[in-house]
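Visitor: The task is simple: from the sequences and hints, build the whole structure.
Chain residues, written in single-letter form:
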Amino acid sequence: MTSAEPRTAAPPTTNDGTSGAGTPDGTATAAGNGRVAKSAAARDPWTSDCHRARLHVVTGKGGTGKTTVAAALALTLATDGRRVLLVEVEERQGIARLFDVPPLPYEERKVAVASGGGEVRALAVDVEAALLEYFQIFYSLGFAGRSLKKMGAVEFATTLAPGLRDVLLTGKVKETVTRLGSDSKLVYDAVVMDAPPTGRVVTFLGVTGAMSDIARRGPIHSQAEGVVRLLHSADTIVHLVTLLEDMPVTETLEAIEHLHEAELPVGTIIVNAATVSRLPAASLTQAAENRLDKARLAAGLAQGGITADEVMLDGLAAEAAEHAIRVLDEADCREELVATGLPILSLPRLVDGADLGGVYELADRLAEQGVR
Amino acid sequence: MTKRVLDLGPLLRDSHTKVVVICGSGGVGKTTTAASMALWAADAGRKVAVLTIDPAKRLAQSLGLEALDNDPRRVDVELADPKGELWAMMLDTSRTFDEMVAAHSTPERAAAILGNPFYKVISTSFSGTQEYMAMEKLSTLAATGQFELIVVDTPPSRSALDFLDAPQRLSSFLDGRMIRLLSLPTRGVMKILGAGFTLFSKAVTTVLGGQMLHDAAQFVQLFEDMFGGFRERAQHTYELLRAPGTAFVVVSICEADSLREASYFADRLRAERMPLAGLILNRTHPPLAKLPLPAAEVAQEKIERSAPLAAAVLGIHTDRQAVRAAELHMRARFDRVHTDLPVIEVAALASDAHDVPALREIGRRLTAA
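Listed in order, the protein sequences are those of chains A and B.
Start counting the first sequence at 1; every next residue gets the next number (this note's numbering).
Start counting the second sequence at 1001; every next residue gets the next number (this note's numbering).
Calculated directly from the structure, the hints in this document are not laboratory data.
Hints are supplied without guarantee of correctness; some may be wrong.
[Stated by the list, open to error] These stretches of chain A come out as covered by chain B in the derived footprint (C-beta under 8 angstroms, 3 or more residues): (1) 258-266; (2) 274-286; (3) 295-304; (4) 364-370.
By construction, the Cβ of each residue, glycine as well, lies at the ideal position given by its N, Cα and C atoms.
Guide: Spelled out as structure tokens, the structure:
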């Protein structure tokens, strides 16, 4: 099991690049440094920074199971009566599919109950709805807004300024993180965001860059400033989901670098669908090279009442070889991830695929590794 | 039930097959499949180009692609049939766009367009530009007649369907109805749309700022002459995709999400009357030993202590059987819906494929029908 290694180097904390956009650079940088120092001391993969954060941004290369892991994380965080919101921002309805409920409308719906009475609610943020919500609030557009939606006006505006899209989405997420109930307490104990894939996540979270797309004043601009403050505060932490395969690991390492450059706080690397080795470590190389002692294998099988002929022995040895190669390849990939010094959480491959039962199983695995 | 098997060998060897489009959701092995097919056809003596979008670094290196390079490069590999040739290229989206602009306008006008800040947004980040440019590049390459077969890998779209819709979306956006309405709001327009539009226009101006709308308006004016050419080209590409000589192949892994995408894609291609050759069910795990699950499980438990290595090997076998059972279940569900769609299963390699021998092995498995 891998645990957090002390960091060897602090991430770069450049101050330039964002100057001129009128952002609170100074505070963001200071907050970033402070948090790095603290997580270096922790040994638990779920560091005190992770525990303290209220917005968990989950990203990963496409096909790594980002949505499933985000859902499992939300379930884990909801144990013992807590209330967690799971948000998706890519209009894919992945959460609805996973929890086997009808497509989510633009409102928060309860999708699961966690052990100890907590609950997970889900929200699919829709850019059009979010933009019209703004116009509604600030320009009382109402009915006219809806007809403009039909004309494709919203798509037009977000196409013209791609950054606007991201500001609208992150703006809505920020609203849920900071929302207070009638009792003046925070409505959600935590918000888990199923974020865009690693290739786009830094742009997505880099609201400072997007602000150059939008006018210098007005409600959306001040909203964007609020988002920047939240994302660079101790309330936010980014988790990267990866498989132990070349492409996802390479993308993960690149994303970590870019997140550090953008001074966004990285919490954990979550390894998904890891192969659990069946073979003793000493036999792995031998098995991978298809050099297992077949006579010994046959004798062992005979004890179990299986008479194995040559063909069956070859077949079983070939299966063992594929398994061992996979385990060794994954170990290489894991080493690259360990070298980042970030805490690593591991989830096993689910045989039956990612269904609702699988989400609960993964949530248990996360809890076992200290996620709370 | 007799299920048709997708027989790719004859398809790839047939001199009438000019274009093969590989589609499917992200992460299913499209690029590797495209490269393997191209190599197989080149080994069979054809002159083949493979158009990739975003190959893994090591795969790109083994194809001799070190950087984005918008022209096909000959791959330095010894082929089984010396008459064959293998060429490869990686798509550079914004350069393809630039080239398209240059081909459709005067040098002065092209320079003005390329310098417009709004053009930069469109050519790099409009969702769908990559899909559009992949098709544009395919069209250009096909028109040169330089290759007997072009194998195209499609972009890692959010959904496999984006790839068919993107050209349409981009050209209708570039038609600029909204841009014109917003940048030149005449009295007449306002009368039609009413006060709501004025408010919206004001809101958008507040949100985006006047400069951006000004750039957009200028962009539309510069582009005006080219819209006709664009639409014509999009139409031309669309027809190329439907022409005899083109075959679509959908790639999926044996998982619910990926198969759902494959299913939508198959339906959509049929609805558009695009020539769908079949489905590649990629990276499956058929057992390599014929040992029934119950016997293996009983034995495994019995020898857990006395023969741990043999028990471990049985454990690997039972795990694989379980994976296989899930795969067969998924496949049966898919087959029930797409009864007459030919399918070929390609068993997973033990390691990621990033060299020529691995691509050859996949090519062999692809054409094993």
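Visitor: The structure should be examined with respect to each hint, and the outcome stated for every one.
Guide: Here is how each hint holds up against the structure:
Residue count for the stretch 258-266 of chain A with a Cβ under 8 angstroms from a Cβ of chain B: 0. That is fewer than the three needed, and the coverage hint is violated. Restraint check on the stretch 274-286 of chain A versus chain B: 4 residues with Cβ-Cβ distances below 8 angstroms, three needed, restraint holds. Counting residues of the stretch 295-304 of chain A whose beta carbon lies closer than 8 angstroms to any beta carbon of chain B gives 7, which reaches the threshold of three, so the coverage claim holds. Residues of the stretch 364-370 of chain A lying with their CB closer than 8 angstroms to a CB of chain B number 0, which falls below the three-residue condition for coverage.
The earlier numbered hints that this structure contradicts are 1, 4.
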